[in-house]
Amino acid sequence: DAKTTQPPSMDCAEGRAANLPCNHSTISGNEYVYWYRQIHSQGPQYIIHGLKNNETNEMASLIITEDRKSSTLILPHATLRDTAVYYCIASGNTPLVFGKGTRLSVIA
Amino acid sequence: SQTIHQWPATLVQPVGSPLSLECTVEGTSNPNLYWYRQAAGRGLQLLFYSVGIGQISSEVPQNLSASRPQDRQFILSSKKLLLSDSGFYLCAWSPGGQGTYEQYFGPGTRLTVT
Numbered sequence: 001d002a003k004t005t006q007p008p009s010m011d012c013a014e015g016r017a018a019n020l021p022c023n024h025s026t027i028s029g030n031e032y033v034y035w036y037r038q039i040h041s042q043g044p045q046y047i048i049h050g051l052k053n054n055e056t057n058e059m060a061s062l063i064i065t066e067d068r069k070s071s072t073l074i075l076p077h078a079t080l081r082d083t084a085v086y087y088c089i090a091s092g093n094t095p096l097v098f099g100k101g102t103r104l105s106v107i108a
Numbered sequence: 001s002q003t004i005h006q007w008p009a010t011l012v013q014p015v016g017s018p019l020s021l022e023c024t025v026e027g028t029s030n031p032n033l034y035w036y037r038q039a040a041g042r043g044l045q046l047l048f049y050s051v052g053i054g055q056i057s058s059e060v061p062q063n064l065s066a067s068r069p070q071d072r073q074f075i076l077s078s079k080k081l082l083l084s085d086s087g088f089y090l091c092a093w094s095p096g097g098q099g100t101y102e103q104y105f106g107p108g109t110r111l112t113v114t
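Chains Z and W, in that order, give the protein sequences. For the first sequence, the positions run 1 to 108 when the numbering used here is used. For the second sequence, the positions run 1 to 114 when the numbering used here is used.
Rather than coming from a laboratory, the hints here were simulated on the basis of the structure. Any given hint could turn out to be false.
[Said to hold, decoys possible] With a straight-line cut-off of 20 Å between C-alpha atoms, the simulated EDC-like cross-links for lysine to aspartate or glutamate are:
id	chain 1	residue 1	chain 2	residue 2
1	Z	K69	Z	D82
2	Z	K52	W	E102
3	Z	K3	W	E59
4	Z	K52	Z	D67
5	W	K79	W	E26
6	Z	K3	Z	E31
7	Z	K3	Z	D67
8	Z	K100	W	E22
9	Z	K69	Z	D1
10	Z	K100	Z	D11
11	W	K79	W	E59
12	Z	K69	Z	D11
13	Z	K3	W	E22
14	Z	K3	Z	D82
15	Z	K69	W	E59
[To be verified] Between beta-carbon pairs, the in silico distance windows are:
id	chain 1	residue 1	chain 2	residue 2	range
16	W	S1	Z	Q42	16 to 22 Å
17	Z	A108	W	R42	24 to 30 Å
18	W	V60	Z	N57	30 to 36 Å
C-beta: ideal position from N, C-alpha, C; glycine also.
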């Protein structure tokens with residue numbers, strides 16, 4: 001799996017978009033980018049994944065750069081319930097290996 | 001739809017006692033199954049994964065073992081618990097076979113060894 005680098009923490013105002021960056025400069029062609037989040041005392045929750053194209057679902061959008069060396073997870077309208085640790089993983093197979101992630105704090 | 005169950009939700013056990021945590025998945029066949037542990041304030045550590053009945057891969061040598069007696073059942077065990085076994089134990093599943101699939105996690109078991 002390619003190594004990923006994420007900022008350890010970020011703050012976001014409630015109602016604003018949260019943009020969480022991830023660097024995966026050594027990603028190989030068959031590796032997908034996955035995003036999960038873990039709310040305190042719960043199991044990780046799958047958010048979204050993609051290979052090359054940008055992806056959107058009911059939770060978030062995933063923007064992958066053309067060279068695939070980095071990506072951004074966008075929560076369009078952050079709420080207090082989005083406060084969590086967000087993990088970015090670049091992997092070509094399971095099991096997924098989780099790093100330290102970004103602790104996102106949504107502030108009222 | 002698929003559902004993953006874990007029990008118990010919380011457990012307090014004395015050092016030296018045995019452990020058995022169970023995980024079951026509903027609504028799918030031939031899933032890949034995983035056990036992770038998260039120590040307090042730490043990241044997720046992959047412990048075991050299984051691609052089929054009786055097939056177990058161990059990621060970290062330790063005081064724990066895993067078994068898969070049925071297609072959708074995954075059990076984590078220990079004969080004698082250590083204080084360092086305390087943590088949040090998470091079971092996960094993904095569709096089996098070739099390809100890249102997302103993993104889905106259960107609610108977890110919080111184990112405290114005293």
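To see whether the hints hold, each was checked on the structure:
With a CA separation close to 26 Å, the supplied pair K69 of chain Z and D82 of chain Z exceeds the 20 Å bound. With a CA separation close to 16 Å, the supplied pair K52 of chain Z and E102 of chain W stays within the 20 Å bound. Proximity of K3 of chain Z to E59 of chain W is assessed by CA-CA distance (about 18 Å); at most 20 Å being required, the pair is judged to hold. For the suggested pair K52 of chain Z and D67 of chain Z, the alpha carbons sit about 9 Å apart, so the restraint of at most 20 Å is met.
Taken as a hint, the K79 of chain W and E26 of chain W pair is broken in the structure, with Cα atoms around 28 Å apart against an allowance of 20 Å. About 11 Å separates the Cα atoms of K3 of chain Z and E31 of chain Z, which keeps this hinted pair within 20 Å; it holds. Under the criterion of a C-alpha separation no larger than 20 Å, the hint pairing K3 of chain Z with D67 of chain Z is consistent with the structure, at around 16 Å. Proposed proximity of K100 of chain Z and E22 of chain W is contradicted: the alpha carbons are some 27 Å apart, above 20 Å.
With a CA separation close to 13 Å, the supplied pair K69 of chain Z and D1 of chain Z stays within the 20 Å bound. The straight-line distance between the Cα atoms of K100 of chain Z and D11 of chain Z is roughly 17 Å, inside the 20 Å bound, and the hint therefore holds. Only pairs whose Cα atoms come within 20 Å are accepted, and K79 of chain W paired with E59 of chain W is accepted, the gap being roughly 19 Å. Between the alpha carbons of K69 of chain Z and D11 of chain Z the distance comes to roughly 24 Å, so the proposed pair goes past 20 Å and is violated.
At roughly 32 Å between alpha-carbon atoms, K3 of chain Z and E22 of chain W are farther apart than 20 Å, so this suggested pair is violated. With a C-alpha separation of about 25 Å, the suggested pairing of K3 of chain Z with D82 of chain Z is violated against the 20 Å cut-off. Distance restraint check for K69 of chain Z and E59 of chain W: the Cα-Cα separation of roughly 28 Å exceeds the 20 Å cut-off, and the hinted pair is therefore not satisfied. A hinted range of 16 to 22 Å for the beta carbons of S1 of chain W and Q42 of chain Z is consistent with their spacing of about 19 Å.
Under the hint 24 to 30 Å, the C-beta atoms of A108 of chain Z and R42 of chain W, about 29 Å apart, fit the expected range. Between V60 of chain W and N57 of chain Z the beta carbons are some 33 Å apart, a value that agrees with the proposed interval 30 to 36 Å.
Consistency note: the structure conflicts with the earlier hints numbered 1, 5, 8, 12, 13, 14, 15.
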